[in-house]
Structure formats: C-alpha cells, structure tokens
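Asker: Next come the chains, spelled out residue by residue.
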Amino acid sequence: MVASLYGVDDERKTIWVFLEQRDGELERVSLEILFKGRQLADEAGWSLIGLLLGHQVRDQAQRVFAYGADEVWIAEHPLLEHFTVDAYSQVVEKALMNGHPSVFLCGATPNGRDLAGRLAVRLRTGLNADCTDLRLDPQSGLLTSEVTGFGGGVIALLESPHHRPQMSTVRPGVFPLGEEDPDREGHSHMMEVELSEDMISTKLIERVIGEGVDLTQTPVLVCGGRGIDGKFDMLQNLADMMAGEVGATRPPVDEGHIERERQVGQTGVVCRPKVAFACGISGAFHFVVGIQDADFVVAINTDPNAPIFEYADFCIVDDALQFIPALIEEIQKEPELAND
Amino acid sequence: MTELMVVVCMKVVPKPEEIRVDPETRRIERGQVRSEINPPDMNALEVALRLKDLHQARVVILSMGPPLFEEYLRVGLAMGADEVVLLSDQLFAGADTLATTYTLAKGIEKIGQPDLIICGEESSDGATGQVPPGIAEWLDQPQITLVADLEVDLQRQVVRGRREIGGGFEVLEAPMPAVISVKTASNEPRFMDYEIKEDAFTGKNLTVWTHEDIESDKEYIGTPGSPTIVSGFEQAAVRERKRQFLTGARDEVIRKLVDVLREYL
Ligand SMILES: Cc1cc2nc3c(=O)[nH]c(=O)nc-3n(C[C@H](O)[C@H](O)[C@H](O)COP(=O)(O)OP(=O)(O)OC[C@H]3O[C@@H](n4cnc5c(N)ncnc54)[C@H](O)[C@@H]3O)c2cc1C
Ligand SMILES: Nc1ncnc2c1ncn2[C@@H]1O[C@H](COP(=O)(O)O)[C@@H](O)[C@H]1O
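So the protein sequences, as listed, match chains A and B.
For the first sequence, counting from 1, position 319 maps to 319 in the numbering used here; every step adds exactly one.
For the second sequence, counting from 1, position 245 maps to 245 in the numbering used here; every step adds exactly one.
So here's chain B without its partners, still in its complex pose (with noise of 0.2 Å):
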C-alpha cells in the first residue's frame, strides 16, 4: 500500500550556453542545440525521491512538451521513480504560463489525487519560477516555495518546508494536498541505478497523453490559452570596454590600478 503519491514536475530545456539568436531573422535557433532536463528539475526529483525512500511513496514524473522528452525523462526512471506522464499534443504548442499550469493541472487530476505536487525552482528557458504557484492557484492547494529541506507528517496530513530566501529563511506548514518548488542546488541528485536502467529505457512505465486525454478546454491550452505573445527577439548589447591590458611588473599595474580606484571611488 502506497502512503503517498508524489508528482514531481520536470522539463526539458535547450542546453543555454548552445541558444543563439540568427541575427538576420531575430529568431531563436533551436537546430544545432542540444537539450537536457532542467537541472532545477533534478533536485525536485531527488526531494521525491528520499520521500520515496523513507515512505512507501508513489513518484510519478509529469511533464507537458513534445515526444522528444521522452528519452530525457526516462533518467529519472532510472534514478527511481515509478512512472511518466508526458502530456504532448500538437495543440499544447505555444503555452505561455497560464496554458501551461492549465495543462500540468489537468494532467494532475487524470493522474489522481496526489498528496504532493513537487515542481522545480525555475526552468532556465521558462516563466522562472511562476508555473509551481500557477498549478497551485488551479487546484486551489497551498504552496511552499524555494523549499531546501521537506518533511512530510503522514499522521497529521501535513507537509513542513524550510523556504529559503534572501537574508534567511522561514518554515512554513501546509496541509496536504499541496505544491511544493525546491530550491536549486539544495540536494545532490542520485545517480541512475544501473539495475533498473535498462528497465528504464525500455519499459512501458511512460505514457504520452494528448488533449483529449486529460479532458483539456481548448480554449485554455496551447496558443489560444496564452494571453502572453513574443513580439521580438534581440541579442543583448554588450557594453564596450576599454580592455586595456596592465603591462610590467606587478607593483608598476598595482599603482595604475589604484590610480584608477581612486578616480572612480
């Protein structure tokens, strides 16, 4: 019997030392680049992943975006969790927030009734860090944010979460059902299990589900449910330096140097 169930919300993303902007067309070119999971997306699994560990939990790995995720996610098959879903649907193309939380809310409720909902800080191509509070405003559940240490009371239904922020930190409570994003770099994910791997790349644990599927509004999904429209791209202006080098001895550039420090302090 499962003591909970976990949804752990993950994306893939362009790698972003690889996205370049075709300065004729001002389009992104996604061609030559190459894609990984959202490493925020990690450490959200791994926090499911130890709740795996200590609870009979249930992980299941949902995620909105086109079929070639699939291979990506499957990782975190082989990491330990127990299932994807992968909602992908020509019509879903175009999401902005609004129509992505719609969308991940709805894959949420065909899943079933999670106890927890745990998403990423942020995506490094996305919304950073707005779809966990947009999923949680659809399904009316609390939310804890920026979470580095959760614990879960399976008597009292409650989960605690230790929320990092500048300057320190609060703990908060939540009753459960609730949505959680955990904050990046706060756990060190595991490695793949070599005894599942395999298992992993090759079994049936993944499945795609389209609009019809998790009984989507068309309106609210895709283009038609993003109020937010991309009207431009530009390459960012770099500032013109004057990249003088300091030649000579050390104590000579420390001098021009402290010259310099003086005029501008």
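So that you can see chain A by itself, here it is in the shape it has in the complex (with noise of 0.2 Å):
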C-alpha cells in the first residue's frame, strides 16, 4: 500500500487550516473554515491552527484568532504575495512536514484545490474536494468528509484512515461564518522562507482582480432560468431593490445570458438566503440544492407542475416576465423594503 510521508504514528493531534488571501485580505471561506474547525477541535480536545502566506500578512493573526484559531503560523516573502502554486505548494509542505497535524483543510477556491491536488500527490496522501460537511470522531482523530459531487442528491461520505494528513477542500458558504471574538488570543509563529525566483516556473504577466460576486453572502438571492428569456436586467431591478443579487440556472449561463459566477446549485454556488426567487426554473436537483439553506423559497412558473414547486414555500403560477414588473411596482411603494 501506498504510504504517506509521515503517517498515524507521527501525527499531531491538529487542525490546520489553509488561510487564502487575496491582496491581503482574508478569503471568506478560510474565516468560515475556521469556525467549523473550531467546533471539531473542541469536541476533540485538539488546537487549531491557521497558515497564512503572503506578503505583509501579520497584520491578519488577530482576525485569525478572533475567528478560533489558538495558533497562526506566518510565512511572509514576496514572492508570496500572489498565489503561484509552486512558491505556496513548497512553503505549505514545509510547513506541514514540520507541524505533522493530523487533518488539513483549505478552501474549494481555484487556488486553494491548485495547492491541495499538488500537495496530497507530494505527501502521498488522500484528498477529499470539495467537501460540504466534515466530522471529526473525538476518539480515533478520523476525519469523514462529505461530498455531493455524484449527482442525483447522492452524497458520499470519504475517510483516509491510514494516511496523514487527512486533507480536504471545503466548497465555499456550506459552513456558516462565527462570531467574531476581537478578545480571543493566541500565539503568532514566523516561518523562515527560501524562495528565489528560479523555484518559480510559472510568471504571472497580468492579473485584473476586481470584486467578484459573492453569491453565499446575499441576503435576497433572485434566480433566473430559461423561463425568463435572458430578461435578466429585470431580475437586476428587482434585486437591487432588496439589496441581493442575482443568480441563474446552468441554461442561460451556457447560453451567455449572464456570467458564469452566478451560476447556483450543483455545479455552481451554494447560497444560503433569507428568500430565494426561482423565476422561470424547472426545478432540477442540480439546481435546487443551490438554494436548500434559504429560509424561504419564492418560485414563479407558468406550469403548474413545475418540480420547483415541490421546493419552495410560495408557488405562484404565473408568467414572470408579467409578474416581477409588477412586482417591482408594489416594492416601489414600500420604503422599508426598498433599500434606496
């Protein structure tokens, strides 16, 4: 069988967490991460303990704790200061060949599975992506990851008992985002970092980062599907007038109706809203589990045994290209609805 760089019999009973930023703020998954691990640590009696890279980064160690961890171990160069998967892969191994824990996680961000998928193959390891829940078992320290990505509602539940360290990558917005604690302390650890630019093949020419959509943080999340024509400046309306956003079934965004980005369910984002609206959306499960944590669940269809029906707490038989005008008009008249 094949065996991991270090294994169960010189594991530390850890939890380290990946700490992505971006122009040195931290990435809302690695907070939201934080926060899980804390709970599992606590159950198991562990410390948890956050990695950060980057250039300029200390300034974040008390964020790090506010959010649960007890340790952060900082590596600071810059080379470091955007991600290149050969400079973080090598600092993060050196890392957790020095720390050994027994269970590291990082976000399901571009970057982040980058790393992972390198450095499992480097410690020889498995690697559980894209989780969407995590348990820890107080007593023998093995980590079960939770994955949906099988279609048809299936989920999978994946475990490395005999490797170190336990990895995964946890999908962005499934675990809620703690309560920040500004009080908490802990215990910041500067790395020593060797880079040069010969260990780094791959140079980034340009880069144009701009704010991105954050779909998982929107409290009113209004979706659009083939239903609704491409109409999707009148969904804009309606969102902005709640202060959402405004997100879309795989169709219209295969057919370049909307970006990518705002694409919900299975192979998009998972939102977890006050009120979703599914305008104009048939309702299938690759869809529908996008928006399963929302509180409540407006839909607007002109069939009347549209599956989506079977989702949601308000169905409105209608057509949607007349009804959210319409609606739109009545929200105009209520001042505490309407954010300006």
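Be a bit skeptical, because a hint or two may be false.
[Said to hold, decoys possible] DSS-like mimics (lysine-lysine), calculated; alpha carbons at most 30 Å apart, straight line:
1. A/274 x B/52
2. A/203 x B/52
3. A/94 x A/203
4. B/242 x B/256
5. B/110 x B/197
6. B/110 x A/203
7. B/242 x A/231
8. A/333 x B/256
9. B/242 x B/110
10. A/13 x A/94
11. A/94 x B/218
12. B/256 x A/231
[Claimed, not checked] To give a feel for the contact side, a few chain B residues facing chain A, derived at Cβ under 7 Å:
13. 111
14. 130
15. 168
16. 175
17. 224
18. 227
In case anyone wonders, no lab produced these hints; they're calculated from the structure.
Ideal Cβ placement from N, Cα and C applies to all residues, glycine included.
Starting from the two chains in their separate frames, assemble the complex, guided by the hints.
Answerer: The following block contains the structure:
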C-alpha cells in the first residue's frame, strides 16, 4: 500500500487551516473553515492552527484568532504576495512536514484546489475535494468528509484512515461564518522562508481581479432560468431593491446571458439567503441544491406541475415576465423594503 | 514533422441526472445509467484540436477506465484526434485521485514526452479538479488551471493561458511541457467529421494498455494506491417546504408576497 510521508504514528492531533488571502484580505471561506474547525477541535480537545502565506500579512493574525485559531503560522515573502502554486506548495509542504497535523483543510477555491491537488500527491495522502460537511471522531481522530459530486442528490462519505494529513477542500458557503471574538488571543509563529525567482516556473504576466460576486453571502437571491428568456436586467432591478444579488440556472449561463460566477447549484454556488426567488426555473435537482439552505423560497412558473413547486414555500403560477415588473412596482411603494 | 505533441485526458462518466442511490443497500445504482464523455473534457479536446489546426500537432486522447469507454472515446477520433490510449486493467479499479493521477502520469510517460497535457476542469463524478494538479505533481511540471484562452509560442517553448477565477482573470506563462486544465464551457466543441467518422469507429488507432504496459508499481495503482475510502452513501435530505400555492388576482398575490418579504427582510 502506498504510504504517506508521515503517518498516524507521528501525527500531531491538530487541525490546520490554509488561510487564503487576496491582496492581504482573508478570503471568507477560510474564516468559515476556522469556525467549523473550532467546533471540531473543541469536541476532540485538539488545537486549531491557521497557516497564512503572503507579503506583509501579519496584521491579519488578530482576525485569525478572533475567528477561533489557537495559533497562526505566518510565512511572509515578496514572492508570496500573489498565489503561485510553485511558491505556495513549497512553503506549505515545509510547514506541514514540520507540524505533522492530523487534519489539513483548505477552501475549494481555484487556488485552494491547485494547492491541495499538488500537495496531496507530494505527501502521498488522500484528498477529499469540495466537501460540504466534516465530522471528526474525537476518539479515533478520523475525519469524515461529505461530498455531493455524484449527481442525483447522492452524498458520499469519505475517509483516509491510514494516511496523514487527512486533507479536504471545503466548498465555500457551506459553513456559516461564526461570530468574531476580538478578545480571543493566540500565538503567532513566524516561519523562515527561502524562496527565489528560479523556483517559480509559472510567471504571472497580468492580473485583473475585481470585487467578484459572492452569492454565498447575499440576503436575497433572485434566480432566473430558461423561462425568463434572458431578461436578467429585470431580475437585477428586483434584486437591487432588496440589496440582493442575481443568480441563474445553467442554461442561461451556457447561452451567455449571464456570467458563470452567478450559476447556482451543484456545479455552481450553494447559497444561504433569507429569501430566494426562482423565476422561470423547472426545479432540476442540480439547481435546487443551491437554494436548499434558503429560509424562504418563492417560485414563479407558468407550469403548475413544474417540480420547482415541490421545493418552494410560496408557489406562484404566473408568467414571470409580467409578474416581476408588477412586483417591482409594488415594492417601490414600500420604503422599508426598497433599500435606496 | 510534428511541432507539438498534445495529450488530452478524457473520461467517460455516468449521466449525473440518472444516478440514484438504492435506499435499501445505500449503494449507487449504476445498472440502468447511461454514460457520456465528461462534458468539460470536450472543451479540453477542442483546445487541443485548435492547436492542431494552428500548428503541426499530434493529439493523443488518454483515459483510464473500463473497456466500455472505448466507443465513447472514438468520438474524439471522429472529431479529429489522432490516437486513443485507454489504460484499462482490473488492477486499476478503485483508484482515488492519488492512484488515478499516478496511473495517468505513467501512461503519459509511456506515450512519450508530450509538450502539453490538457485536462477538463473537473469530472462530474470525480475529484472536482484535483486530477490536473496531481498529474502535474507526479510529472514535476508546471500547471495552469481554469484556462479559457491558450496560446503556444513554439519559438520560446512556452504556453500562455488566461486563467478565469472569481472576479477576474490572470494571465500566466509556463515553460513547456506543462499541464493545463480548461475552463468548462469556454469553447464550443466541434462536431464529428463525417469523412473520418467511419474510420474512427473501426480503425486501429485505439490502444489499450495494462499495468504492465505502463510499468506501474502495483502499490500505487487501484485500491492499494488509494488512501481514500468511501465509507457510505446517503441520499441528500431535502428540506421540507410549505408548498403554498398563492391563487387569486396578481395584485393580491403580490400583496401576500410583500407581507412575507417584510417579515423576512
Ligand atoms: C453534471 C450536471 C451539473 C449541473 N449543474 C447545474 C447547476 O449547478 N445549476 C443548474 O441550474 N443546473 C445545472 N445542471 C442543469 C440542470 O440539470 C437543468 O438542466 C437546469 O437547472 C434547468 O434549468 P432551467 O430550470 O432554467 O430550464 P428548464 O428546465 O428549461 O426550465 C424552464 C422553466 O421555465 C418555465 N417558464 C417558461 N416560460 C416562463 C415564463 N414566462 N414565466 C415563468 N416560467 C416560465 C417553464 O415552465 C420551465 O419549468 C447540471 C446538469 C448536469 C448534467
Ligand atoms: N480516469 C480518467 N482518465 C482520464 N482523464 C481523467 C480521468 N479522471 C480525471 N481526468 C481528467 O482530469 C480532469 C479533472 O477531473 P477531476 O479532478 O476528477 O475533477 C477531467 O476533466 C479529465 O480531463
């Protein structure tokens, strides 16, 4: 059997979390994982350690403690300013080989996946990708990861009993963001970093990163499907009135009516808004998983037998192209609903 | 003379909308399920075929899976690929990402020294994008993932890709050989070419290799090579909804809806 570089016998009972940052700001998913990690660590009596790489990022340490970490290991270097898989995987590998954590978690973001995919092979360990839940057995220290990537609403439970670290990437938005506790204290540990240009084979030529949309945080999600015939401007108007965001099913994304970042569902984003609208959406399971954590779902569809009505609290059989403009008009009369 | 050798990694997957879990045995029922080429891999193949249109490229499709993959992969030949290599062996069964990427890397080494290895963004039944970095690591090559636009500079032997990430993009340049993953739906895969179709489905340009052919270490393939085990399957719990149909005139419905919105917002 293939053996990992370090094993169960020389693991340290700790949970490590890779803290992804973008221009010095911690990614939300990293904080979500810290919150979940804190719960797991408390149940097992383990400690929770954050791993932070970047250039001049040490001022973020207090936030990392506030979100639950006991320690933060920091690597600072100009070559770590922006993520490159070459530089980051070297530094993280070294840290893991020093710390021997039992569990290593990272966000299932583009960079998190790049990093985890390489590290798992380098360390010869298992990787559970895009997890939607995590459980840690306090006795055995075995991590169980839940993944949904099988279609049809199937969940698989994955474990790596004999290899360390137990690695998982966590899907953004599945864990809530905990309360920040500014009084929590922790211990910072500066790592030694040896990096030079020639260790980085992939060169960053250009980088254009805007704000990006984050549907996981929005209180109101107005989703449109094939049935709204590309009229996303109309949905945007409705969303704007309630400080919400627009989402979509896959067909309008594929047809180019709206950015892929706004796709909701199995292969898109999983959201937890207070209210979700599903306009002109049939209700395929692939889509529905993306709004199943909404507090309240309103579906508007011309077909009274559309499956989406099985997954809605309010079911409205109507033409969305007429209903939504009428709804917008009514909300305009409601000062406390219509934010600016 | 070929200027460029490209390996495209492709996989055949069960159609996700047809998969169900047997409520009794809690196992995936695969019996009735039809398969298809993993859709993102069609985007990967299209990128390779465009390189072939531009340069003198040889395009080899590489896959690890059971013999049933063959007929699907031949579609790739009909689209214009030159050759299919299928890694198929009982001993490969049960592979997780570590074993899969090892096996594919061994297959790539046996094929020769491709300049580019092009993968899809993710497989619908798989490891969600972990295979391309894994292959890159085994082969110790650079990687550019989530690429929507790819250019090869033969003079300088570099590949340049536009990596699509949330809120923007990066342009990255790597020396070849390199591993690429292609952003799903970033191109329109071409149709089969009817002039080569017949040949594609009967021709000999499909090779099957076993663990011996690729000289793989038995401890690194299939179940022994896989740290991850599946300890169970469950059907996702679906949240109960009120399912209240609002009937009546549209303005009445809207008033009811606004009342609820007021409560929630
Ligand atoms: C591997 C895989 C992953 C997938 N991942 C996702 C994913 O992440 N997200 C996703 O959304 N899909 C995903 N899909 C696709 C999914 O299976 C469905 O095909 C898709 O969700 C259907 O989108 P839709 O409801 O907009 O379109 P349709 O199914 O075509 O439904 C359109 C609906 O609009 C209604 N309608 C038409 N006109 C009007 C009108 N004027 N007013 C009101 N209603 C109207 C119709 O009655 C119909 O119910 C995935 C599929 C696969 C195979
Ligand atoms: N068994 C396989 N054979 C060939 N290519 C594969 C296989 N599994 C994954 N891949 C490639 O790796 C990509 C990402 O897959 P995954 O990491 O499983 O999401 C796919 O789009 C394929 O290009």
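Asker: Checking against the hints above, which ones are violated?
Answerer: 1, 9 and 13
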